[in-house]
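Given next are the chains, with one letter for each unit.
2 protein chains.
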Amino acid sequence: MKIALSQINYHIGNFESNEKKVIDSIREAKKQNADLVIFAELAVSGYPPRDFLEFSDFINKCLESVSRIAAECRGIAAIIGSPSRNPEIKGKDLFNSAFFLSDGMITSVHHKSLLPNYDVFDEYRYFEPNIVYQTVDYQGKRLAITICEDLWNIGDDLLYRGNPMDELFKQNPDMIINIAASPFYYEQAKLRKEIYLQNVQKYRLPLFYVNHVGAQTELLFDGGSFVINSSGIMVDELDFFREDFRIFDLGEIERVNKQPERNEPSKIALIHDALVMGIKNYFTKFGFSKAILGLSGGIDSAVTLVLAVEALGTANVRSILLPSRYSSPHSVTDAKKLAQNLGSPYDIIQINDAVKSLNLTLEPLFRDLPEDIAEENIQARTRGVILMALSNKFGNILLNTSNKSEAAVGYGTLYGDMNGGLSVLGDVYKTEVFELAGYINREKEIIPENTIIKPPSAELRPGQKDSDSLPEYPVLDALLYQYIEHRKGPNELIAMGFDEAIVKRVLKMVNTNEYKRYQTPPILRVSPKAFGMGRRMPIVGKYLA
Amino acid sequence: MKIALSQINYHIGNFESNEKKVIDSIREAKKQNADLVIFAELAVSGYPPRDFLEFSDFINKCLESVSRIAAECRGIAAIIGSPSRNPEIKGKDLFNSAFFLSDGMITSVHHKSLLPNYDVFDEYRYFEPNIVYQTVDYQGKRLAITICEDLWNIGDDLLYRGNPMDELFKQNPDMIINIAASPFYYEQAKLRKEIYLQNVQKYRLPLFYVNHVGAQTELLFDGGSFVINSSGIMVDELDFFREDFRIFDLGEIERVNKQPERNEPSKIALIHDALVMGIKNYFTKFGFSKAILGLSGGIDSAVTLVLAVEALGTANVRSILLPSRYSSPHSVTDAKKLAQNLGSPYDIIQINDAVKSLNLTLEPLFRDLPEDIAEENIQARTRGVILMALSNKFGNILLNTSNKSEAAVGYGTLYGDMNGGLSVLGDVYKTEVFELAGYINREKEIIPENTIIKPPSAELRPGQKDSDSLPEYPVLDALLYQYIEHRKGPNELIAMGFDEAIVKRVLKMVNTNEYKRYQTPPILRVSPKAFGMGRRMPIVGKYLA
Chain L
33 MKIALSQINY HIGNFESNEK KVIDSIREAK KQNADLVIFA ELAVSGYPPR
83 DFLEFSDFIN KCLESVSRIA AECRGIAAII GSPSRNPEIK GKDLFNSAFF
133 LSDGMITSVH HKSLLPNYDV FDEYRYFEPN IVYQTVDYQG KRLAITICED
183 LWNIGDDLLY RGNPMDELFK QNPDMIINIA ASPFYYEQAK LRKEIYLQNV
233 QKYRLPLFYV NHVGAQTELL FDGGSFVINS SGIMVDELDF FREDFRIFDL
283 GEIERVNKQP ERNEPSKIAL IHDALVMGIK NYFTKFGFSK AILGLSGGID
333 SAVTLVLAVE ALGTANVRSI LLPSRYSSPH SVTDAKKLAQ NLGSPYDIIQ
383 INDAVKSLNL TLEPLFRDLP EDIAEENIQA RTRGVILMAL SNKFGNILLN
433 TSNKSEAAVG YGTLYGDMNG GLSVLGDVYK TEVFELAGYI NREKEIIPEN
483 TIIKPPSAEL RPGQKDSDSL PEYPVLDALL YQYIEHRKGP NELIAMGFDE
533 AIVKRVLKMV NTNEYKRYQT PPILRVSPKA FGMGRRMPIV GKYLA
Chain P
33 MKIALSQINY HIGNFESNEK KVIDSIREAK KQNADLVIFA ELAVSGYPPR
83 DFLEFSDFIN KCLESVSRIA AECRGIAAII GSPSRNPEIK GKDLFNSAFF
133 LSDGMITSVH HKSLLPNYDV FDEYRYFEPN IVYQTVDYQG KRLAITICED
183 LWNIGDDLLY RGNPMDELFK QNPDMIINIA ASPFYYEQAK LRKEIYLQNV
233 QKYRLPLFYV NHVGAQTELL FDGGSFVINS SGIMVDELDF FREDFRIFDL
283 GEIERVNKQP ERNEPSKIAL IHDALVMGIK NYFTKFGFSK AILGLSGGID
333 SAVTLVLAVE ALGTANVRSI LLPSRYSSPH SVTDAKKLAQ NLGSPYDIIQ
383 INDAVKSLNL TLEPLFRDLP EDIAEENIQA RTRGVILMAL SNKFGNILLN
433 TSNKSEAAVG YGTLYGDMNG GLSVLGDVYK TEVFELAGYI NREKEIIPEN
483 TIIKPPSAEL RPGQKDSDSL PEYPVLDALL YQYIEHRKGP NELIAMGFDE
533 AIVKRVLKMV NTNEYKRYQT PPILRVSPKA FGMGRRMPIV GKYLA
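If you read the protein sequences in the order shown, they are chains L and P. Using our numbering, the letters of the first sequence correspond one by one to residues 33 to 577. Using our numbering, the letters of the second sequence correspond one by one to residues 33 to 577.
Careful, some of the hints might be misleading.
Copies of the same chain look alike in the list, so a pair counts if it fits in one copy or across any two.
Below, simulated DMTMM-like cross-link-like pairs (lysine to aspartate or glutamate); rule was C-alpha separation at most 20 Å, straight line [unchecked claim]: (1) Lys486 <-> Asp500; (2) Lys122 <-> Asp188; (3) Lys561 <-> Asp125; (4) Lys312 <-> Glu275.
Note that these hints are calculated values from the structure, not bench results.
Taking the hints into account, I'd like the entire structure generated from these sequences.
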């Protein structure tokens, strides 16, 4: 039996485009004499469709799409993900389903049993868990069809009471198929392979896995679909971060007895590739091609610019240098040098006059009160107004350049440097931004050395340095990582060796600044715990605040 | 048996304050010879604690609080909500539990079976559903203890497969107790009473219901705890929108055979009271007392100001009038008149110079391109910068004045008039804002007549009216209501009689502006479907866009 894996970049709610890609893929598979072609979870709708699932009209569109795709399946079978309706009165209205299509029609429907509802996942919001298990017989083989999380309830800490594969296994299947929507973070591909390998080792069956690829706003799908044979050998992996299509012969893959060598990319290389894909897909799926950003001479905007240029092309990213009277001379020269290294367009706009005019406007109310954070924010917000004006006038999307460390402690001005349509580095700690800069410069100096070595500063008052009000970034980031990614409380953090005063101060900063993060742009998610849809916090909460 | 209902305004994560209120209430109940005092769901933590529940430290704090409260329960019993740990390896780590406290200790723990996971609810994100049922015997009576949603799987369209009260009923209880966290919307109190009455009619048992009161950022809890006797008579209701405490004698309530008369408040009166409570609690729980807002002379900012003054006091709300060259003369006079009617402080700041300076700053890049939305937004954003500067300088929280109709179609400037710490009217359609103004003026003219009768306008270009680019508000709001609150698709809307071209245009506006709503302040929720945590939409989605 020849089985094709089709790894596609879907677009949520873009039924026409999704369906065309699927049908093209079925035709290609047929041309190459495949017997079966496998698509991802909720392929027809794109993943995650979120509350579109509450629209009956949306479900109709999904099911109509599945019907038209089924009509293409003559002389070949296909497995494809779509929501389906629950005919029972009891329980939620929908299932998250895998449709088996053959002979030009839908021949069976298999529902997801384990519905992830943690971090970025909300599946129990929409779907009823499956409790009926049925394998499929096709061309003399028996297929156990599972959907993503269905294979993840394995190991020591079990999130669910049941295990759907245990049920399917009782029917003596010949292979496991898993269609998925498994979003990227820098350790996910590794973990995923371990989990699926555990399944193969447990059931001694070959496993075919098809994932999404491409970005849906903040959620990045890395692809990396694969085949493991029943001996536990990872026979082949599809590409990461791009669409791919490959056909495997079941007999041949079962005969493979040596694990092919693979270079595992580094964490920073993965983050780099994921972010470039994230920027690219956000723009194409939104129907935009051009970006704008404020280039300060600092490392965050420098790395953002390089990633944007890789994603959108040199000519499509316009940098605006917005020096003020507190900007050091090297800020402009470093920024110019980077834009010149990239050959990408830049302009310089002096903000002093506009800032002065705003300060004058406020003088009757500010009177002789001492300068403070209010004046600092006016500078950041003036830059924000100017960048948004250019975005509006020229139809460019403003890229936000804040990093995760800043977002965590609220070191940024709301409606100022926190503006943007998309946050590129909002899930990348400052220390990781430095690593990204090193990765970008791995062959030659693209980001000027001075941008990398100078002490980070917001340059909103004379001689300001980030370290005036924050712990040094290596300490801060280590602490934030334990608190945010690992949900360690103050006692645990102190026991780990962090200074008690710093722990208290930093946790308070994180929690009291929840109101700022509520209003930030969507953040490309590359870590196991990003700000945004995967981290849901009260705003007026009083815990550690 | 004498049973006390204690309806408390909790504060998420503020263990000290929550515990003190609970213990004070237990002491009061004891003084009044009550046998049992009932508190709300997740009382010790406040509701919803959201991802704080993922912190082991947070759960410890909840359980320590329950232990200290238990120590108070000598000569009296209490029922109180708290998260508890699931000792099993399989399943999620926590339960949403009701603790029965007596003899100075925890005598039993009862877990929630039905976990709401729709709209604003995320309970399956944290909790394992209960599958073990046990009544409690206390002073010769048998209590069936249930938690909120546990009693809601009744009627025609059943969301869950099981019904926990059916299980408990097998043990022949004498009464039903339901501890809840049931957030307000303008039809919720009515629906709630219907649902609980159906339970009483089904099981023929008296029912004691205790709800939260108070606001947790966007979620408003209206209180309205109640007692229904086994004949289905609503014996008493606790106050709405404020803390309350009452004691009932079981024998006496069972003898009531006539439904007490009650005045049901109107929808607009409910919304009014809910919003005032929402503003007040946001400020007190955040530790702020003073608000600022931009007062335009239009109806949205006028209604916002009145509500803020009711919540915070006349002297604590400062209005800023920010006329531009496109503002009509009546804008300033109407705004001044309102501030004067209220006796609340206001200032006038001319924005023309700052706008001119920003335009001049942009001239080298804008050149001779025609004026468009970019220039309009500069005005709105200049106002935003000025208001935020005042907020920063004087420690006032900026109130956002956008309404739901505008938020829906994206009629507002991001980082301009969409700024603010809290959106007061973001869940109130424009037509409802007019009704609120009528309600505010029910006894005398507070909001100037001219503010109410003039055609709505953003006043960002000469002679601009909202109706230039939007359908008339009664049509727009009716359409938005069907699309947002009832999830009707285009075909259904056209079948209902809405014009096809308007349907297409409005739905496209709603969906393409999701990116704006992603960055808006939290919105006080008064409808069954508010923007924010209860409506989760893809940003780059292509459905109806």
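Now for the hints, and whether the structure bears them out:
When the C-alpha separation of Lys486 and Asp500 is checked against a cutoff of 20 Å, the pair qualifies only within one copy, where the shortest distance is 15 Å, while the shortest distance between copies is 52 Å. Only between protomers do Lys122 and Asp188 lie at most 20 Å apart by alpha-carbon distance; the minimum there is 9 Å, versus 32 Å within a single protomer. Proximity of Lys561 to Asp125 under the C-alpha cut-off of 20 Å is restricted to the inter-copy arrangement: shortest distance 18 Å between copies versus 30 Å within a copy. For the identical chains of this complex, Lys312 and Glu275 are intra-copy neighbours only, at 14 Å inside a copy versus 52 Å across copies, given an alpha-carbon limit of 20 Å.
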